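So the sequences go chain by chain: P, D and R.
Letter by letter, the first sequence follows residues 1 to 138 in the numbering used here.
Letter by letter, the second sequence follows residues 1 to 138 in the numbering used here.
Letter by letter, the third sequence follows residues 1 to 138 in the numbering used here.
By construction, these hints were calculated from the structure, which means they are not laboratory data.
If several chains are the same, the list does not tell them apart, and a pair holds so long as it fits within one copy or across any two.
27 Å max Cα-Cα, derived DSS-like pairs, lysine-lysine:
1) LYS79 to LYS65
2) LYS79 to LYS128
3) LYS79 to LYS64
4) LYS128 to LYS6
5) LYS64 to LYS13
6) LYS13 to LYS65
7) LYS2 to LYS35
The structure displayed is predicted, hence computed values, not measured ones.
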Amino acid sequence: MKSYRKELWFHTKNRIEFINITHQVEEALRDSGIKEGLCLVNPMHITASVFINDDERGLHEDYKKWLEENIPHNPELYKHNRTGETNGDAHIKRQVMGREVVVAVTDGELDFGPWEQIFYGEFDGRRKKRVLIKIIGE
Amino acid sequence: MKSYRKELWFHTKNRIEFINITHQVEEALRDSGIKEGLCLVNPMHITASVFINDDERGLHEDYKKWLEENIPHNPELYKHNRTGETNGDAHIKRQVMGREVVVAVTDGELDFGPWEQIFYGEFDGRRKKRVLIKIIGE
Amino acid sequence: MKSYRKELWFHTKNRIEFINITHQVEEALRDSGIKEGLCLVNPMHITASVFINDDERGLHEDYKKWLEENIPHNPELYKHNRTGETNGDAHIKRQVMGREVVVAVTDGELDFGPWEQIFYGEFDGRRKKRVLIKIIGE
Chain P
1 MKSYRKELWF
11 HTKNRIEFIN
21 ITHQVEEALR
31 DSGIKEGLCL
41 VNPMHITASV
51 FINDDERGLH
61 EDYKKWLEEN
71 IPHNPELYKH
81 NRTGETNGDA
91 HIKRQVMGRE
101 VVVAVTDGEL
111 DFGPWEQIFY
121 GEFDGRRKKR
131 VLIKIIGE
Chain D
1 MKSYRKELWF
11 HTKNRIEFIN
21 ITHQVEEALR
31 DSGIKEGLCL
41 VNPMHITASV
51 FINDDERGLH
61 EDYKKWLEEN
71 IPHNPELYKH
81 NRTGETNGDA
91 HIKRQVMGRE
101 VVVAVTDGEL
111 DFGPWEQIFY
121 GEFDGRRKKR
131 VLIKIIGE
Chain R
1 MKSYRKELWF
11 HTKNRIEFIN
21 ITHQVEEALR
31 DSGIKEGLCL
41 VNPMHITASV
51 FINDDERGLH
61 EDYKKWLEEN
71 IPHNPELYKH
81 NRTGETNGDA
91 HIKRQVMGRE
101 VVVAVTDGEL
111 DFGPWEQIFY
121 GEFDGRRKKR
131 VLIKIIGE
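Turn these sequences into a full structure, and let the hints guide you.
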C-alpha cells in the first residue's frame, strides 16, 4: 500500500469564500503515483469545509444567502463568542456544509461524474489556513 | 490491496425520492471478495446524496417536509436557476443531507449497527443518474 | 495492509450530549500499530453523529440551541413518531451534523490541525449506544 500527503494553504480576502481546488487535488494524485484507492480532502480547521458541488457563481451566492439567513453571522447570537471570537456562526456553517470529502481513485484519476468539483469553503477567512490531502492505495 | 468499483443507475419517477440501496452495496461487497477495508458510496451527481438512516416511511416524509420548509423548491429563490435550471434547492438539500458515506468492511460484511441502511437520496430526479461504489482492502 | 476495529460504548444522562472521544480514538490508533492510512469513526446508530469541531462549552450550547430552533424536539411534529418513537427530530439532527468522520493517519498519529477534536454527538440518549472505529493502512 502506498500513501501520500500534501497540504494546501489559503488566505482568503473575504470572510466567506469558495475556492475550486479540483486541479490541485488532481495534481497531488498524479504526484502520488496511486492508481486505485481513496483520496481524503479536509480542512485542518474547524470553521471551514471541503465539499463537492458545481462551479457555478449563482449557486455559490445561493449557498451564502441560505447559510446567512439560517445561521446569521451576528456575533451577539453565539455563546462561543464570549471567548473573544466572532466566528460562532462559522462553526455551525461548516457542520451544515460538511467537513471532508472522500473520493474514489480509479485508473489514476479522481472518479467523478461530469459536474463534480472540489471546493474549499471558508466561513471565517482573512487568515492563513490549510487543507490536507491524504491518498492511500496502490 | 484489492480494489473494486461498481456503478448503480437510477431514474426516479419523482423529483425527490429515497431508495434503499443496502442490498446492492452488500452484493457489490460480496463480488469484490474484500474481507477487511473501507467501502465508499457516493452519487456521481451534485443534486443527490447517499446517506445512512432508517428505512421507515414516516421518517422519509419528515425529511422531505423539513427540507422543503427550510430549503423551498420555488425556482424564483435561487440565482443558480438563472442558468436555466430549476434545481437550485436540490444543490442545497444535497449538502445538508451529505454527499457520501464511508462504511467499514469487517469479515466480508458491511459493519453496521442494527438499524443502519444505505439510501440514495434524489433531490432532482426524473433523469438517469449514477451512484459509485468503491471498495478497497484485502 | 493492516486493519483494526474497536467499539466504544456510551450511555448518556441527557437526551442531547457531546462527548470528546479524541483520546479514545488516539488510543485505538496506537493499539492498531498503523502508521499510514485512514481512520473511520462512526456511530452504529441513526440518531447520533460523530463530528470534528472545537472542545468549547459555549459552542456546544450554540449547536444545541441552533439545532433545537431549527429542528424542534416536539414529538407532535414528526410522522416517524407514529411508530411509537419520540425521536423524529434526532434522525434529522444527525443528518445535519453528519454521520461519520474519516481522519488521515500520518506517522502513527491522527493528522489534525491545532483545534480539531472528535466528538460523539448524541441526539436521543439515555440508552446504550456504540461508536465504531475502523483503521486501515500499514
